[in-house]
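Colleague: Starting from the known structure of chain A, fit chain B onto it as the hints suggest.
Just so you know, the sequences run in chain order A and B. With the first letter of the first sequence counted as 1, position 3 gets the number 3 in the working numbering; the numbers rise by one all the way through. With the first letter of the second sequence counted as 1, position 53 gets the number 53 in the working numbering; the numbers rise by one all the way through.
There could be a bad hint or two in this list.
Stated by the list, open to error - What the simulated footprint calls covered on chain A by chain B, stretch by stretch (three residues with Cβ under 8 Å from a Cβ of chain B suffice, anywhere in the stretch; the number is not a length):
1. 22–30
2. 43–49
3. 95–104
Bear in mind the hints are in silico, worked out from the structure with no lab data behind them. Keep in mind it's a predicted model, so treat the numbers as computed, not measured. We put the beta carbon where it would ideally sit given N, CA and C, even for glycine.
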Amino acid sequence: MTNKEKYLGEFEQFLLLSTLKLGDNAYGSTIRQLLADTIQRDVTIGALYTTLDRLEKKGLLESKMGEATPERGGRAKKYFKVTAKGEYALKRSKQALTSMWENVTINLGACEQ
Amino acid sequence: MKNAQTAIPHPPKAASLFLAWALPDSIVEPVLGDLSEEYIQRISNNKLIAAKTWYWRQAVKSGIQFMFKTQRGFVMFIFSIILFVAMTMLLVALSGVTSTFIDVQSIIGIFPPAIAFTYAATSKKSVHKAFSILINNTVSQSEESYLLSRRVFIVLGNSGVILGLFITLIGLTAMGANMTDLSSFGTAFSFSILGLMYGIALKMVCYVAEKKIQTLSETEC
Chain A
1 MTNKEKYLGE FEQFLLLSTL KLGDNAYGST IRQLLADTIQ RDVTIGALYT
51 TLDRLEKKGL LESKMGEATP ERGGRAKKYF KVTAKGEYAL KRSKQALTSM
101 WENVTINLGA CEQ
Chain B
1 MKNAQTAIPH PPKAASLFLA WALPDSIVEP VLGDLSEEYI QRISNNKLIA
51 AKTWYWRQAV KSGIQFMFKT QRGFVMFIFS IILFVAMTML LVALSGVTST
101 FIDVQSIIGI FPPAIAFTYA ATSKKSVHKA FSILINNTVS QSEESYLLSR
151 RVFIVLGNSG VILGLFITLI GLTAMGANMT DLSSFGTAFS FSILGLMYGI
201 ALKMVCYVAE KKIQTLSETE C
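In isolation and in its complexed conformation, chain A is listed as follows (with noise of 0.2 Å):
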């Protein structure tokens, strides 16, 4: 990755993130009740997989085929993990974040008010 590259989106990370922290069980139902839980953000499942379609052409992540269940009406769950490229991106994009917010004072008390 060049330096040159863009950085993450707040989406984009939010959902490698959420494949890390999910590991070997991070799949579309997980990946999206994890972000509405954690963020309280309640997004669509066709955003979801837009983005994360996105990402694993992007190499940052890859997919396999579980397994089917009853619940899922006999259909197969869809795995992601984050690739090391994946991480890479992420470490850099937080790195970003942390240089730009360095000597940055703000009033946190007048955001909450």
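Modeller: Using the frame of chain A, we list chain B on its own:
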């Protein structure tokens, strides 16, 4: 085991069908599976109506998001038909005599026979296939299927125009026989012109459908 499987509630079928139609083939299975799993979780909390509403909302929002990419051809076809109907209705409304343009006799004289001729000239399978290709144009078809489907719309459209001309001749004959009775003359004139108009409208829609299938065929074959 069998009882346990039949006890599992199924998500709204129409919503699932819409989603399966709109989604790219590569994600149909995981997306429907994920939604089904979450739907059952929500139902287990004794919130059946809320679960159904949630499922429909997910299906409609996600389906609309994808259908403009996966089914763009069909969406544009429907849009063009709606535009045509809307423009026709606007012109009819502007003329100030809306009821004059609606003639049940002419409608019965054009549409059912045109559909019957199409079934007779092609086959039931070809007619169903033609509409299926038009609705779901992501599935690849053989060159022969495209050819037969195009023929369905050619026959349907041409039958509409020929029946329209036939109705016009009947109307002209009736007009000739009622030259002295203005009321009957007017009815016959209206029948004559509206029959032709409906026939041409059917031909126009079928022409677009036929060209749509031709484009699909040339893209794939």
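Colleague: If a hint holds in the structure, say so; if it doesn't, say that too.
Modeller: Do the hints match the structure? See the list:
Counting residues of the region 22–30 of chain A whose beta carbon lies closer than 8 Å to any beta carbon of chain B gives 3, which meets the minimum of three for the stated coverage. For the region 43–49 of chain A, the assignment as covered by chain B holds, since 5 residues bring a beta-carbon within under 8 Å of that chain's beta-carbons and 3 suffice. Given a C-beta distance limit of less than 8 Å, the hint that chain B covers the region 95–104 of chain A is violated, as 0 residues qualify and 3 are needed.
Checked against the numbered hints listed earlier, the structure breaks hint 3 alone; every other hint is satisfied.
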